[in-house]
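Let chain B serve as the given structure and place chain V on it in line with the hints.
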Amino acid sequence: MSNKEKLPETTAMLADILKSYPPKVARKRSKSMVVNDPETIPEIQANVRTIPGIITQRGCCYAGCKGVVLGPTRDIVNITHGPIGCGFYSWLTRRNQTRPDADGENYMPYCFSTDMQDDNIVFGGEKKLKLAIQEAYDLFHPKAIAVFSTCPVGLIGDDVHAAAKEMKEKFGDCNVFAFSCEGYKGVSQSAGHHIANNQIFKHVIGRNSKKVKGKFKINMLGEYNIGGDAFELERILEKCGITLVSTFSGNSTITKFEQAHMADLNTVMCHRSINYVADMLEKKYGIPWIKVNFIGAEASAKSLRKIAQYFDDEELKNKVEEVIAEEMAEVTAVAAAVKPRTEGKLAMMFVGGSRAHHYQELFSEIGMKTIAAGYEFAHRDDYEGRRVIPNIQVDADSRNIEELHIEADAKEYLARKTPEELAKLEKEGFTFHDYEGMMAEMAKGTLVIDDISHHEMEKLIEAYKPAVFCAGIKEKYCVQKMGVPLKQLHSYDYSGPYAGFQGAINFYKEIDRMAGSKVWSLIRPPWQNSPELFAEMADA
Amino acid sequence: MIKSACDEDCRATVRLKIPDASDVAALTNPCKLCAPLGACVAFKGVEGCIPLIHGSQGCATYIRRYLISHFREPVDIASSCFVESATVFGGANLFNTGLDNLISQYRPKMVGICTNCLSETIGEDLRRMLQDYRIEHKKEVLPALVAASTPSYTGTHADGFHIAVRSMLAELSLPGLEKVKGRVNLLPGFVSPGDLDHLKEVITAFGLDPMVLPDYSETLDGGFQEEYSKLPEGGTPVERIKRAPEAEATIQFGRALAREEGERLGGGVWLERSCGVNCYRLGMPIGLRESDEFFHTLSMLSGKPVPARYKSERSRLLDSYVDGHKYLFGKRAVVYGDEDMVIGLASFLAEIGVNPVLCASGGISTHFADSVHAVTRNLGNTFDEPVTAINDVDFDRIFARAEKLKPDLIIGSSKGYKLARDLDIPLIRCGFPIHDRIGAQRILHLGYRGTTALFDIITNALMQVKQDRSPLGYKYI
Chain B
1 MSNKEKLPET
11 TAMLADILKS
21 YPPKVARKRS
31 KSMVVNDPET
41 IPEIQANVRT
51 IPGIITQRGC
61 CYAGCKGVVL
71 GPTRDIVNIT
81 HGPIGCGFYS
91 WLTRRNQTRP
101 DADGENYMPY
111 CFSTDMQDDN
121 IVFGGEKKLK
131 LAIQEAYDLF
141 HPKAIAVFST
151 CPVGLIGDDV
161 HAAAKEMKEK
171 FGDCNVFAFS
181 CEGYKGVSQS
191 AGHHIANNQI
201 FKHVIGRNSK
211 KVKGKFKINM
221 LGEYNIGGDA
231 FELERILEKC
241 GITLVSTFSG
251 NSTITKFEQA
261 HMADLNTVMC
271 HRSINYVADM
281 LEKKYGIPWI
291 KVNFIGAEAS
301 AKSLRKIAQY
311 FDDEELKNKV
321 EEVIAEEMAE
331 VTAVAAAVKP
341 RTEGKLAMMF
351 VGGSRAHHYQ
361 ELFSEIGMKT
371 IAAGYEFAHR
381 DDYEGRRVIP
391 NIQVDADSRN
401 IEELHIEADA
411 KEYLARKTPE
421 ELAKLEKEGF
431 TFHDYEGMMA
441 EMAKGTLVID
451 DISHHEMEKL
461 IEAYKPAVFC
471 AGIKEKYCVQ
481 KMGVPLKQLH
491 SYDYSGPYAG
501 FQGAINFYKE
511 IDRMAGSKVW
521 SLIRPPWQNS
531 PELFAEMADA
Chain V
1 MIKSACDEDC
11 RATVRLKIPD
21 ASDVAALTNP
31 CKLCAPLGAC
41 VAFKGVEGCI
51 PLIHGSQGCA
61 TYIRRYLISH
71 FREPVDIASS
81 CFVESATVFG
91 GANLFNTGLD
101 NLISQYRPKM
111 VGICTNCLSE
121 TIGEDLRRML
131 QDYRIEHKKE
141 VLPALVAAST
151 PSYTGTHADG
161 FHIAVRSMLA
171 ELSLPGLEKV
181 KGRVNLLPGF
191 VSPGDLDHLK
201 EVITAFGLDP
211 MVLPDYSETL
221 DGGFQEEYSK
231 LPEGGTPVER
241 IKRAPEAEAT
251 IQFGRALARE
261 EGERLGGGVW
271 LERSCGVNCY
281 RLGMPIGLRE
291 SDEFFHTLSM
301 LSGKPVPARY
311 KSERSRLLDS
321 YVDGHKYLFG
331 KRAVVYGDED
341 MVIGLASFLA
351 EIGVNPVLCA
361 SGGISTHFAD
371 SVHAVTRNLG
381 NTFDEPVTAI
391 NDVDFDRIFA
401 RAEKLKPDLI
411 IGSSKGYKLA
421 RDLDIPLIRC
431 GFPIHDRIGA
441 QRILHLGYRG
451 TTALFDIITN
461 ALMQVKQDRS
471 PLGYKYI
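Respectively, the protein sequence lines represent chains B and V.
Note that the numbering used here has the first sequence beginning at 1, numbered continuously upward.
Note that the numbering used here has the second sequence beginning at 1, numbered continuously upward.
The following block holds chain B by itself, in its conformation from the complex (with noise of 0.2 Å):
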């Protein structure tokens, strides 16, 4: 469907979605559910429980620790205490990729657990916990081991962080530590995502303070490698002569977190899983932090373009169009192939704490709209820009979640600006920490809701019958029953990249195949278009 008049008005679909929900529900509900409005932003309702008994896409928060954050390093051997199944489930089901060194280090394909048993929730566990972090260490002799703890561990009162500190001090040369990611903390996974940047930051970063040599420095954070992404990131600040510190977390190593504080500049990419790091590193090292953006074409040049404006060399700005004008031109290419027929089409994205605001750039290159988008795990910041944060109402969920104290380190702490080239920076309107979240980029009218359900799902698809659906793997089947083609954005169908200049060719090209599927025309059998023509036949 693409033509707007068509389309049903978004207040009255509202509520036609909430008549179906007891009132109580129904009022809950109600408030993460808006239309959007990019002039005034409305208030949106986002980072609250989950109301039980309604099928959420969302995780947990050992999910967001464990899978999500330090899942895609590779020298870092993973423990999950707990039963089976946590550590199952998480075994390289996010489909990060990474390349190892000569050394050939790489842990990912491995799934640790201590396999808890009656007797050790009983009993405890520590000791199986400590003879595990033993075997790992003896089997591997690897630079890191980090433990992570499950919903039973917290109940018991395992002291994770007891044990990692020991085995630490009996190894002397192995950096252990422990994650109290346990699964009902928070009320989904962010809450893990808040847990995992703690620890990393107070047992990681900074360790490890050697020169890194290059004359831009950046760490990357939120990139977590996702069919490649990073690969080609990579691939593209080589190009541009600038020096990628660490990434937090994909395709990156521990000794490359422990250097990240040697960077000059932190560029944030998903903001909900790792702005707390960005801001530790500001305060302890005097590292500013950017947003950056490198889902869609126009989007990473833009972020190009602003990493060099922050360095403010001239000789980085030439190399940086240069690039830019090389990678665009096939870019552009594929773009006119593709758009005669993707444009005007509407795609919806439910998915991720970024992914459903980035992704909105790649479409519109391809001249779709997005008809409506959520996020799963997000909070209100990032649907309404951080200028909301003051008010962002802390509950008990988020409270339990700790928040580290930090100071600017006497050594190491260094202001990366003059006060002078901060002035001169604002002049040229360059924002620090700008995060102005998805709605401000949304069409007027547009339909924004989080944590969406699956009835809430199964109205918008209804209603707007989108070229494409967003999200993953357990709506895409779903979704394609009610005869639309879903694109999964958190494993991307097994394909990819789909960032940067590479990536958005990638991505084009896929959506120009999905929204273009026959295999729809193909539901309805010749009897039931004709009926009478099949009773004549069989007749005869």
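Think of the hints as simulated: they come from the structure by calculation, not from any bench.
All the pointers check out, no bait thrown in.
Computed spacing ranges between beta-carbons, pair by pair:
| id | chain 1 | residue 1 | chain 2 | residue 2 | range |
| --- | --- | --- | --- | --- | --- |
| 1 | B | S521 | V | R273 | 50 to 58 Å |
| 2 | V | R134 | B | A26 | 22 to 30 Å |
| 3 | B | D138 | V | I135 | 54 to 62 Å |
| 4 | B | A26 | V | H296 | 53 to 61 Å |
| 5 | V | E136 | B | F171 | 50 to 58 Å |
| 6 | B | K239 | V | G123 | 54 to 62 Å |
Listed below are the simulated DSS-like cross-link pairs for lysine-lysine, each with C-alpha atoms no more than 30 Å apart in a straight line:
| id | chain 1 | residue 1 | chain 2 | residue 2 |
| --- | --- | --- | --- | --- |
| 7 | V | K200 | B | K481 |
| 8 | B | K24 | V | K109 |
| 9 | V | K418 | B | K143 |
| 10 | B | K481 | V | K109 |
| 11 | V | K418 | B | K130 |
| 12 | V | K138 | B | K28 |
| 13 | B | K217 | B | K427 |
| 14 | V | K242 | V | K200 |
| 15 | V | K138 | V | K242 |
| 16 | V | K230 | B | K459 |
| 17 | B | K424 | B | K317 |
| 18 | B | K19 | V | K138 |
Simulated coverage check for chain B against chain V, where a stretch passes if three residues somewhere in it have a Cβ under 8 Å from a Cβ of chain V:
| id | region |
| --- | --- |
| 19 | 104-115 |
| 20 | 122-133 |
| 21 | 150-163 |
We put the beta carbon where it would ideally sit given N, CA and C, even for glycine.
Showing chain V alone in chain B's frame:
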């Protein structure tokens, strides 16, 4: 288009020197999943049923994600969404709200509720909570509500599956029913939707009326409908489960299932002891002999000879054994997965002259090794190498042994891909999970027909190896 480096290439390996002992603390690459997953699969096989996991929401999400990638079907599983305060004060309120919302949104015929490690650890009493819920809603017509206790720290997904089946029978069976001629119960275990379809067809062909529990042949392999329905069509009606005691007999697949009191008994044995329904405990009908037992039992129960169609399927299977034996004889296989599937496969492989040199499982049945030996030994075999059967092991221990054994092929889930790649031998995908091929829901391995299909896949895989490795590149082999 930029080529993303292949996942597996990027994940270069570190050689493992894992001790081959069972007393290690950590599992490295587990060969089992958790009990609530199995329970959810079993609940999906009841008409209009939606599973609800009582505990933290992440489990429902993780389990959905895994089941969906295997079956490539929508799998809705609800959760009571525990938050931190519930771990202190209990989750009864969340449970009630969850059930209310689920019932009002889905209008299910049954809600299959299972616990997880969180709710079990804090000692939630599901039965009591259900009782209270029923009292509170006594004026309403409620769906059937069945609870299964499936803490993830006990047993495996296969145990969770059987616990849910038994719980459904125990909670729903009506007392004092008369026997009805021709009624049989079939408790097939965790098999594919394609297998379930075939089993129903076979039993019906004998003039018997089967109650298959669970029957997710349609719910987890649904066709494309013009109208999307929240709860998929198909599944065993709750009414039929209630009438399970009417059956003249129960056929229960699974040699690894508990046999003695004090162990966790399968639903069939429970029905026999509580409702007097004879239970025939058979192996998974893979291969000629185990299928023969199944068909023979049906013939006996129905008083009818094996229908001509299946006689001819049997003779075709035998014929294919004869046709293919020259490609198979003396080959050696590593088989892993759920215990009962592994036992069935071992039995079949032994028949066709392939030595299942290593049969492994993450399960913990005390009957596993004995059963593997029983089904592989009684052929007057000429295998000069012993069959090793080990359970309660993880993939690293399986792989460490397998690498030494240098087998010709591997049979099991997608998790064996790395081993197959390292050893450069074929992996025949069987069981759960299969997330690197399409069609897991349609895999048919049971009965004469299913075995023939599996036989062709295995033989062709070995023929292809022979052909690919031949310097001459024969077209006729």
